[in-house]
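> One-letter residues, chain by chain:
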Amino acid sequence: MKSFMEEVAATPGGENIRACIQCGMCTGSCPAANKMEFPPRKIIAMIRAGMRDEVLSSNSMWYCLSCYMCTVRCPQDVKPTELAHALESLANQQGFRVKGTRTPAMYRSFVSSIKGNGRVHEVGIMLRYYLMTNPLAALKMWSQGLKLFVHKRMPLMPNKVKGKQDLAKIIQKFTEIRTT
Amino acid sequence: MKYYCYFPGCSAEATAVGLGVSVQAIAKSLDIELIELEDWTCCGSTPYGSLDKLESILIAARNLALAEKTGLDLVTPCPSCFLTLHQANLYLKEHPQLATQVNEALAVVNLIYHGGVQVRQLIEVLYHEVTPEVIASKVKLPLNGLKVAPYYGCQMVRPDYGFDNPESPQSLDRIVESLGAEAVPYPLKNRCCGGALIIPEEDLALGLIRKLLGNAAENGAQCITTVCPLCQMNLDAYQGSVNSKFKTNYNLPVLFTSQLIGLALGLDPISLGLNTNIVSPRKVLDSISKVMLEAKSGT
Chain A
1 MKSFMEEVAA TPGGENIRAC IQCGMCTGSC PAANKMEFPP RKIIAMIRAG
51 MRDEVLSSNS MWYCLSCYMC TVRCPQDVKP TELAHALESL ANQQGFRVKG
101 TRTPAMYRSF VSSIKGNGRV HEVGIMLRYY LMTNPLAALK MWSQGLKLFV
151 HKRMPLMPNK VKGKQDLAKI IQKFTEIRTT
Chain B
1001 MKYYCYFPGC SAEATAVGLG VSVQAIAKSL DIELIELEDW TCCGSTPYGS
1051 LDKLESILIA ARNLALAEKT GLDLVTPCPS CFLTLHQANL YLKEHPQLAT
1101 QVNEALAVVN LIYHGGVQVR QLIEVLYHEV TPEVIASKVK LPLNGLKVAP
1151 YYGCQMVRPD YGFDNPESPQ SLDRIVESLG AEAVPYPLKN RCCGGALIIP
1201 EEDLALGLIR KLLGNAAENG AQCITTVCPL CQMNLDAYQG SVNSKFKTNY
1251 NLPVLFTSQL IGLALGLDPI SLGLNTNIVS PRKVLDSISK VMLEAKSGT
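From first to last, the protein sequence lines are chains A and B. Quick note on numbering: my numbering labels position 113 of the first sequence as 113, and the sequence is numbered without any gaps. For my numbering, count along the second sequence from 1 and bump the result up by 1000.
To be clear, the hints were calculated from the coordinates, so they are not data collected in a lab. Check before you lean on any hint, since a few could be wrong.
Said to hold, decoys possible - In silico DSBU-like links for lysine-lysine, alpha-carbon gap of 30 Å or less:
#, chain 1, residue 1, chain 2, residue 2
1, A, Lys147, B, Lys1069
2, A, Lys162, B, Lys1140
3, A, Lys152, B, Lys1140
4, B, Lys1140, A, Lys35
5, B, Lys1247, A, Lys147
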């Protein structure tokens, strides 16, 4: 059976994990490290130690802002940003439910908006996101949404493009033939 | 006139409509023609790749395949679209087996991608091909005396594309200066605004936005400029939230760089979408009309 580290290294984005020298540059450069259950350097150590469930059920990678500061500073080219995305995709595909972060719900709303419309539609994303998480919190967002709406930045209807049918077709075919 | 295949990105037609209209408005004056990619779909951005990287590459590849048919470079004003399309392009080159599967899927809708598209950011085109010197030569209303904080954010310069320094970028400073304005020192110019996590993690993002606004104000900036739709929204639409949460009093207009360029080119503020900015850009417009009045009266 594959070790957890081998599983991560075989996931797109996780390829360079073996090169880590635990210097901590990633954690020191991360604007969200103090919100994470386990900061980036520690997460890498835990992956190597085979702590699969602890890593994949943690909120850490869901706090990655994709700012790429760790990636440009890492002396070993581990690409911790890509690694965070790899962990997110593993946790998502294996059905881990994460406490203490609503980011997975937001990402799922975002992707379903793309699949439904071909392009991002913010109003649809927000409705779906708040229904999935906390409908009452939507009230707090109301004034923000209105502000964008009156400044012509929040179209109520999605811009449905012809390409959305094409997206559905290529995704269906790809799902049948992909090897990983 | 130079021709490019243009990928506006979803934001440019919605939350960042000011970006979309100002880019098209300045293009003609700068002798570039942006021909919109027909029937483009969302690039996928960070969330898609976080949930399923390979499928996100597939949907990016559809756009690349459409662009390849035009034979032109694919240019986008959005750093996140750029990063996503550029990374998908590289990943397909490095993983021929995936490229084969992607092409098998694309064949269902009669598309094929050979890997021949060059993906570029509009700001890089303005900097390398149009050049700050040529922009300066076309300025009709120099923004003399206007102090601007050039805000790069993250994905415009990171990961390292070789176009600008990821730790101490300079290209936006040069473009701001080419308009006659002053680029103030801005040590946090390449730090994160919180990005899309403004929705699920508002406290984290508001803290980061506060630092960015504070650092610009401390350095005497009268406004901030950025190319990124998400950075602009966070700094502009959430400036009020920062002020109420931290009892601050920031009043910094956040202009897309294309809006700032358009003003210096003498274009009408409405045609640049300045009516869609939430923190009123009045301060900036007033300083420009002062320049006009002084020029007229010869002082």
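> Evaluate each hint against the coordinates.
Hint check results:
1. A:Lys147 to B:Lys1069: violated (40 Å)
2. A:Lys162 to B:Lys1140: Violated, at about 41 Å.
3. A:Lys152 to B:Lys1140: holds (29 Å)
4. B:Lys1140 to A:Lys35: Distance of about 48 Å is beyond 30 Å: violated.
5. B:Lys1247 to A:Lys147: holds (20 Å)
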